[in-house]
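2 protein chains.
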Amino acid sequence: MIAKRLKFGDTIGLISPASPEDPDKIKQGIEFLKSQGFKIKEGNHLYDRWGYLAGSDKDRAEDFMNMFSDKEVDMILCVRGGYGSMRILPLLDFKIIKHNPKILVGFSDITIFLNVIASKSGFITFHGPMGSSNLQDTETLKSFLSTLMNGYRPYKLLNPSNINLNCNIRGITEGKIVGGNLSLISATLGTPYEIDTEDNILFIEDVGEQPYAIDRMLTHLHLAGKLKKCHGFILGQFTDCSLSNYERSLTLNEIIKDRILSLNKPTLSNFMSGHDYPKLTLPIGAKARIDCYRGEINILEAVVI
Amino acid sequence: MIAKRLKFGDTIGLISPASPEDPDKIKQGIEFLKSQGFKIKEGNHLYDRWGYLAGSDKDRAEDFMNMFSDKEVDMILCVRGGYGSMRILPLLDFKIIKHNPKILVGFSDITIFLNVIASKSGFITFHGPMGSSNLQDTETLKSFLSTLMNGYRPYKLLNPSNINLNCNIRGITEGKIVGGNLSLISATLGTPYEIDTEDNILFIEDVGEQPYAIDRMLTHLHLAGKLKKCHGFILGQFTDCSLSNYERSLTLNEIIKDRILSLNKPTLSNFMSGHDYPKLTLPIGAKARIDCYRGEINILEAVVI
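Residue numbers (UniProt numbering), protein chains in the order written: chain A, 1 to 305; chain B, 1 to 305.
One or more of the hints may lead you astray.
Below 27 Å or equal to it, Euclidean Cα-Cα: the simulated DSSO-like pairs (lysine-lysine) are [to be verified]: (1) K39(B) / K120(A); (2) K95(B) / K120(B); (3) K257(B) / K228(A); (4) K102(B) / K39(B); (5) K98(B) / K257(B); (6) K4(A) / K156(A); (7) K102(A) / K142(A); (8) K95(A) / K34(A); (9) K257(B) / K257(A); (10) K102(B) / K27(B); (11) K257(A) / K142(A); (12) K228(B) / K58(A); (13) K120(B) / K27(B); (14) K58(A) / K95(B); (15) K95(A) / K25(A); (16) K228(A) / K257(A); (17) K58(A) / K41(A); (18) K228(A) / K95(B); (19) K27(B) / K229(A); (20) K142(A) / K156(A); (21) K58(A) / K7(A); (22) K95(A) / K95(B); (23) K229(A) / K228(B); (24) K120(A) / K228(B); (25) K39(B) / K98(B); (26) K228(B) / K228(A); (27) K58(A) / K257(B).
Some chain A residues flagged as far from chain B (calculated, every beta-carbon gap over 10 Å) [unchecked claim]: (28) G51; (29) M86; (30) R170; (31) T188; (32) E198; (33) D215; (34) L261.
In case anyone wonders, no lab produced these hints; they're calculated from the structure. Where a beta carbon is used, it is the ideal one built from N, C-alpha and C, also for glycine.
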């Protein structure tokens with residue numbers, strides 16, 4: 001099963017499955033998507049708020065499931081991450097989701113859904129921009145539309161021409177792309193929803209974490225056997241994860257070297273997907289080949305039909 | 001096997017298995033321990049420093065193992081937590097540790113060792129003060145000495161008389177005490193070193209984590225099945241884990257209610273063990289009965305011999 005490609009005129013379902021977004025930002029996002037030629041269906045609880053959660057778990061899960069069941073909805077776009085996705089995992093019906101494959105897009109806290117659905121429901125999901133404001137960045141929009149509209153055949157995924165995709169460990173390898181936000185990957189280890197990295201290519205990014213915390217999360221993955229099992233790595237942006245006071249800390253580069261590069265698996269870094277701009281759309285669960293001589297990600301299968 | 005009790009004149013081995021401590025503080029701690037009537041043996045790498053780590057993994061692990069093997073050393077006291085304990089887990093020999101049971105004391109990042117050793121090496125460890133400065137607090141020292149010197153028979157563990165031990169969910173239950181710092185319990189789930197809560201009483205505390213992060217860690221334990229398996233809870237201090245801006249967040253109390261109290265298992269809170277003072281010494285791996293009518297923790301077995 002595979003989700004059908006996005007077309008102008010399609011209906012995009014908007015949901016807040018994690019933290020609440022500023023209502024004005026949601027409305028601006030809706031206007032923008034309409035101006036691009038899409039119809040919008042709002043989740044019943046899109047604007048709900050319960051502390052740092054966008055409403056109760058039950059309501060967020062209901063919106064999530066409704067969008068998959070609703071035949072009028074062609075694709076599902078999250079408006080914000082933050083925190084809360086993992087709270088609703090036990091309330092989701094992965095069989096219903098499996099029988100209604102649809103494009104699902106988001107990142108950060110949404111990492112949880114992207115990987116669980118790719119794994120349990122068996123179709124490709126998309127690590128990409130949120131529906132509230134991210135799409136108004138030109139390169140971000142270009143990658144989003146190009147992937148979701150034209151990704152019905154293999155394609156090459158490159159950084160924008162002025163940004164290097166670095167080859168840290170040279171080599172060529174293949175596997176499914178899995179991953180996203182490192183904090184959330186770590187926060188689901190040991191649960192029925194944990195990431196499967198075996199024979200896969202692990203993509204990671206994060207924001208606002210101190211170097212020692214990045215170390216702790218990578219060490220968590222290491223002790224869980226998740227790093228040695230994968231075929232290679234794509235490192236995205238690590239935004240605001242450095243400390244100015246070097247004396248007190250190992251640098252982010254030292255940590256990456258110690259925990260990732262020491263494994264000597266093909267590794268790309270500086271891939272533009274994460275909390276910085278532009279945010280390229282990366283298909284989670286898609287077979288890919290990473291070429292760490294040329295700095296290329298080759299998507300080997302159709303990601304939409 | 002069980003560690004032998006502490007006696008005045010014994011030799012305390014000091015180690016830095018995680019982050020480095022200020023050398024002046026270590027020296028003050030040593031003088032204080034000597035003034036109390038103990039001899040001190042310093043780990044070879046006690047003062048090492050590699051960024052946020054107290055030296056290389058190999059060297060920290062070597063000090064850790066040496067203290068267990070060294071017949072001159074009667075008990076082992078960590079000087080600081082911070083971060084780094086989990087990095088050396090694969091370098092430890094739990095068989096050697098098992099055959100050399102000794103009192104081991106620390107908290108925070110040291111949580112990792114306390115639980116792994118209680119579980120893999122099968123003797124009781126101690127969630128208690130660090131050797132650098134914590135012991136100079138009167139109640140902390142009193143609990144430390146009393147537990148390690150007199151804990152060869154069952155005893156009652158109470159908060160200091162002016163501090164309530166709250167009964168949040170009433171009831172009486174028994175089990176081994178496991179746990180410590182919530183962040184570290186979460187950071188080892190899904191690894192061979194993860195905590196075993198089955199039929200046990202789970203103790204948790206934390207410091208400097210935002211409410212949503214406490215929620216995320218408790219949800220992690222929940223999804224990993226660790227909360228429903230245990231018999232009851234002891235909640236320690238959650239120091240600096242509240243946000244002033246209520247609008248943006250659920251409160252810590254709301255989170256505890258939602259993730260812990262909703263399970264309806266006997267639960268005590270405000271137990272004085274964690275990042276606040278006084279720091280009572282809690283035996284990890286010891287059989288206990290919590291009485292959540294009277295607000296008492298009854299240690300049912302000798303914790304030293």
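How the hints compare with the structure:
1. Restraint check for K39(B) and K120(A): the C-alpha separation of about 58 Å exceeds 27 Å, so the hint is violated.
2. A distance of roughly 8 Å separates the Cα atoms of K95(B) and K120(B); the hinted pair therefore holds under the 27 Å criterion.
3. Between the alpha carbons of K257(B) and K228(A) the distance comes to roughly 39 Å, so the proposed pair goes past 27 Å and is violated.
4. Between K102(B) and K39(B), the direct Cα distance comes to roughly 16 Å. Compliance with the 27 Å bound is thereby established for this hinted pair.
5. For the suggested pair K98(B) and K257(B), the alpha carbons sit about 38 Å apart, so the restraint of at most 27 Å is broken.
6. Straight-line distance between C-alpha atoms of K4(A) and K156(A) comes to about 20 Å, which keeps the hinted pair within the 27 Å bound.
7. Restraint check for K102(A) and K142(A): satisfied, since their Cα atoms lie roughly 20 Å apart, inside the 27 Å limit.
8. Distance restraint check for K95(A) and K34(A): the Cα-Cα separation of roughly 31 Å exceeds the 27 Å cut-off, and the hinted pair is therefore not satisfied.
9. Straight-line distance between C-alpha atoms of K257(B) and K257(A) comes to about 42 Å, which puts the hinted pair past the 27 Å bound.
10. Taken as a hint, the K102(B) and K27(B) pair is honoured in the structure, with Cα atoms around 23 Å apart against an allowance of 27 Å.
11. A threshold of 27 Å between alpha carbons decides the hint, and for K257(A) with K142(A) the separation of about 33 Å lies outside it, so the pair is violated.
12. Using a Cα cut-off of 27 Å, the hinted pair K228(B) and K58(A) holds, with the two alpha carbons roughly 20 Å apart.
13. Restraint check for K120(B) and K27(B): the C-alpha separation of about 33 Å exceeds 27 Å, so the hint is violated.
14. Only pairs whose Cα atoms come within 27 Å are accepted, and K58(A) paired with K95(B) is rejected, the gap being roughly 47 Å.
15. With a C-alpha separation of about 33 Å, the suggested pair K95(A) and K25(A) falls outside the 27 Å cut-off, and the hint is violated.
16. With a C-alpha separation of about 14 Å, the suggested pair K228(A) and K257(A) falls inside the 27 Å cut-off, and the hint holds.
17. As the CA atoms of K58(A) and K41(A) are separated by approximately 19 Å, the hinted pair is consistent with the 27 Å bound.
18. For the proposed pair K228(A) and K95(B), the alpha carbon gap of about 25 Å is at most 27 Å, so the pair holds.
19. Proximity of K27(B) to K229(A) is assessed by CA-CA distance (about 44 Å); at most 27 Å being required, the pair is judged violated.
20. The hinted pair formed by K142(A) and K156(A) meets the criterion: a straight-line CA distance of about 14 Å does not exceed 27 Å.
21. In summary, the hint linking K58(A) to K7(A) is not supported, as the alpha carbons are separated by about 31 Å, beyond the 27 Å threshold.
22. Restraint check for K95(A) and K95(B): not satisfied, since their Cα atoms lie roughly 46 Å apart, outside the 27 Å limit.
23. Between the alpha carbons of K229(A) and K228(B) the distance comes to roughly 30 Å, so the proposed pair goes past 27 Å and is violated.
24. Among the hinted pairs, K120(A) with K228(B) is consistent with the structure: their alpha-carbon atoms are about 24 Å apart, no more than 27 Å.
25. Between K39(B) and K98(B) the alpha-carbon distance is near 24 Å, which keeps this suggested pair within the 27 Å criterion.
26. Restraint check: the Cα-Cα separation between K228(B) and K228(A) comes to about 31 Å, which exceeds 27 Å; the hinted pair is violated.
27. Restraint check for K58(A) and K257(B): satisfied, since their Cα atoms lie roughly 17 Å apart, inside the 27 Å limit.
28. Look at G51(A): its CB is around 4 Å from the nearest CB on chain B, not clear of 10 Å, so calling it non-interface is violated.
29. Not every C-beta of chain B lies more than 10 Å from that of M86(A), the closest at about 5 Å, which undercuts listing it as non-interface.
30. With a closest Cβ-Cβ approach of about 27 Å to chain B, R170(A) is found to remain outside the 10 Å limit, as its non-interface label requires.
31. The Cβ of T188(A) does not lie farther than 10 Å from every Cβ of chain B; its closest approach is about 7 Å, which violates its non-interface assignment.
32. Every C-beta of chain B lies more than 10 Å from that of E198(A), the closest at about 14 Å, which supports listing it as non-interface.
33. Here D215(A) does not stay apart from chain B, with its beta-carbon only about 7 Å from theirs, under the 10 Å limit.
34. For L261(A), the condition that its CB be more than 10 Å from all CB atoms of chain B holds, with the nearest at approximately 16 Å.
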